[in-house]
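There are 2 protein chains.
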Amino acid sequence: MNFSCPILAPHTISNSLVKDPRKLQLINALVSHLHTFARETSLDHAEWTKVVEFLTRAGKESTDYKNEFILLSDIMGLSALVDELTHPKPAGCTDSCEAGPFYVPNAPEVPSGASLAKVGTTGEAMFFNGTVKNTKGQGIRGAKIDVWQADGDGIYDVQYPGTTEANDRGKIVAEDDGTFCYRGILPTAYPIPSDGPGGDLLRTLGRHPHRAAHIHFMLNAPGYDDLTTALYPSHSPFLGTDPVFATRKSLICQVVEERDPKRWEAMGFKNREVTRGRVWVWSFGFVLASVEEVEEFKRQRAKAKL
Amino acid sequence: MNFSCPILAPHTISNSLVKDPRKLQLINALVSHLHTFARETSLDHAEWTKVVEFLTRAGKESTDYKNEFILLSDIMGLSALVDELTHPKPAGCTDSCEAGPFYVPNAPEVPSGASLAKVGTTGEAMFFNGTVKNTKGQGIRGAKIDVWQADGDGIYDVQYPGTTEANDRGKIVAEDDGTFCYRGILPTAYPIPSDGPGGDLLRTLGRHPHRAAHIHFMLNAPGYDDLTTALYPSHSPFLGTDPVFATRKSLICQVVEERDPKRWEAMGFKNREVTRGRVWVWSFGFVLASVEEVEEFKRQRAKAKL
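So the sequence lines, in the order shown, correspond to chains A and B. Numbering-wise (my numbering), the first sequence opens with residue 16 and increments by one. Numbering-wise (my numbering), the second sequence opens with residue 16 and increments by one.
Honestly, the hints are just simulated from the structure, not real lab data. Certain hints may be false.
In this list, chains with the same sequence are indistinguishable; a pair is considered to hold if it fits within one copy or across any two.
[To be verified] Using 25 Å as the maximum straight-line C-alpha spacing, the simulated DSS-like pairs for lysine-lysine come out as follows:
| id | residue 1 | residue 2 |
| --- | --- | --- |
| 1 | Lys313 | Lys285 |
| 2 | Lys81 | Lys65 |
| 3 | Lys65 | Lys75 |
| 4 | Lys65 | Lys38 |
| 5 | Lys34 | Lys104 |
| 6 | Lys38 | Lys285 |
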């Protein structure tokens with residue numbers, strides 16, 4: 016008494032009703048890779064259940080200031096890859112990296128030479144010295160540089176409860192020749208949040224959560240492609256084992272100690288602002304691509320891909 | 016004044032510290048496919064941000080009774096694939112499919128021939144007639160069959176507020192020769208939840224949320240591999256366009272109308288229980304694999320894969 020009746024062939028479903036061709040491409044590619052992943056690994060139901068629980072927890076535990084899916088993407092190197100794909104840099108230009116979670120738009124504009132660190136900020140005195148040039152080596156006029164960084168305790172202003180004013184943060188208006196400088200605090204290393212699913216993944220991988228010390232920069236100038244990047248001091252620990260794969264060889268800088276009080280004064284420091292008898296001097300030359308150069312680069316890349 | 020100092024080569028990170036070889040395999044395969052997906056599609060930062068927001072919403076909107084990640088997996092055909100990979104069936108055995116969200120363990124045991132639908136349950140009378148056999152065609156002794164299904168309104172007992180007693184649900188103890196039957200209600204089609212990210216994906220794909228009508232079964236017998244499956248009546252709409260890819264040609268059954276009141280009585284129905292002058296008669300022969308057959312089948316499959 017077997018009445019199994021194979022009268023219909025199910026699954027004539029296709030995704031051809033998707034109107035947006037880009038969405039169709041993304042969904043088809045995603046489904047194809049998910050299925051291949053499951054087949055390759057013979058993913059079983061118990062493992063799938065654990066993944067469902069893990070992703071559900073990631074959603075539940077995400078807040079406005081700590082998104083676990085961003086952390087998971089960071090830890091798997093996907094964020095760094097997406098940044099590379101989104102912001103391809105023609106040869107000779109400064110490499111980009113992700114803005115991270117602590118960028119705040121509309122930071123207060125300050126002139127070049129200003130101090131970004133309020134009196135009493137924890138950490139050692141630092142003098143940052145920069146140029147903004149194009150690929151021909153010419154200083155760029157009209158450049159503005161958003162800077163944001165942690166203090167000497169590895170903490171951003173927005174992480175302190177009740178913060179209302181910007182600290183270790185500001186939008187510097189460069190000189191007409193593209194040079195700029197600011198006084199501040201040498202940043203120190205800090206860990207990414209590891210109290211949720213992202214931290215669990217790091218622990219499973221036997222990896223630590225500590226990012227190398229760094230300063231974030233976002234540069235813009237009329238006629239040039241925006242650049243979001245970060246610089247790392249070569250003395251920082253964790254440079255080779257960044258949990259989010261954001262360090263770039265080209266972005267690691269030798270920061271030097273200045274022990275001459277006369278030079279501190281020339282930089283704008285008062286003696287009492289300098290602890291441990293030194294000011295850290297950090298210099299870097301940013302190179303921006305023009306909008307036309309980036310367009311041309313993208314065209315070439317798309318052509319090479321075909 | 017370019018002080019970019021390429022003194023360190025970052026990213027010497029590997030996943031080789033993962034202790035569990037299976038976890039290492041899964042994580043490496045997942046990362047590899049995610050990266051290939053991003054490269055193939057040139058995934059950009061704006062698209063990545065939308066995916067992050069979508070996944071975060073899926074986590075936030077998931078409840079104990081509606082998990083959006085399960086729905087997304089279902090809609091992308093991943094759940095059906097994982098079921099196939101987890102429960103490979105030797106030739107001649109009944110195909111399996113996912114239990115879905117409405118399975119409740121420890122349903123009340125009832126003898127074969129009982130009614131699973133309380134008086135007053137919406138829907139048309141149905142008589143289900145089954146056999147549980149092995150691959151040699153012999154009736155299996157000691158089989159128990161968990162049954163759960165929606166009523167004539169497409170609603171499960173647990174979906175009614177304040178439900179305390181099982182309805183359209185029960186664990187049937189088969190006869191010693193492996194036959195069993197029960198009286199109940201013909202199930203009707205109902206949609207999967209579409210008020211969250213899963214529903215958004217369906218709409219993007221131009222697909223509907225309606226599952227074909229079905230009855231869930233979970234069979235177990237000493238010495239045999241458990242079987243979780245579902246059967247579909249051939250008269251149901253949506254059979255070829257199941258949103259979760261769970262219908263199988265082999266699980267679609269021709270359900271026949273019985274219009275003879277004498278036969279209704281023989282099945283155990285009272286005349287007043289029969290509306291529209293008919294009882295739907297649904298018959299199916301389940302075939303279970305023995306534990307040894309499944310082990311042997313898995314060994315063969317693993318060998319073929321190598």
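Consistency of the hints with the structure:
For a Cα distance limit of 25 Å, the shortest separation of Lys313 from Lys285 qualifies neither inside one copy, at 48 Å, nor across copies, at 76 Å. Taking CA atoms no more than 25 Å apart as the test, Lys81 paired with Lys65 passes in both settings, with 22 Å inside one copy and 16 Å between copies. In the homo-oligomer, the alpha carbons of Lys65 and Lys75 lie at most 25 Å apart both inside one protomer (15 Å) and across protomers (17 Å), since each shortest distance falls under that limit. Taking CA atoms no more than 25 Å apart as the test, Lys65 paired with Lys38 passes between copies only; the shortest distance there is 12 Å, against 28 Å inside one copy.
Neither within a single protomer nor between protomers do Lys34 and Lys104 lie at most 25 Å apart by alpha-carbon distance, with minima of 32 Å and 38 Å respectively. With identical chains, the CA atoms of Lys38 and Lys285 are never at most 25 Å apart, being 57 Å at best within one copy and 56 Å at best between copies.
Violated hints for the displayed structure, listed by number in ascending order: 1, 5, 6.
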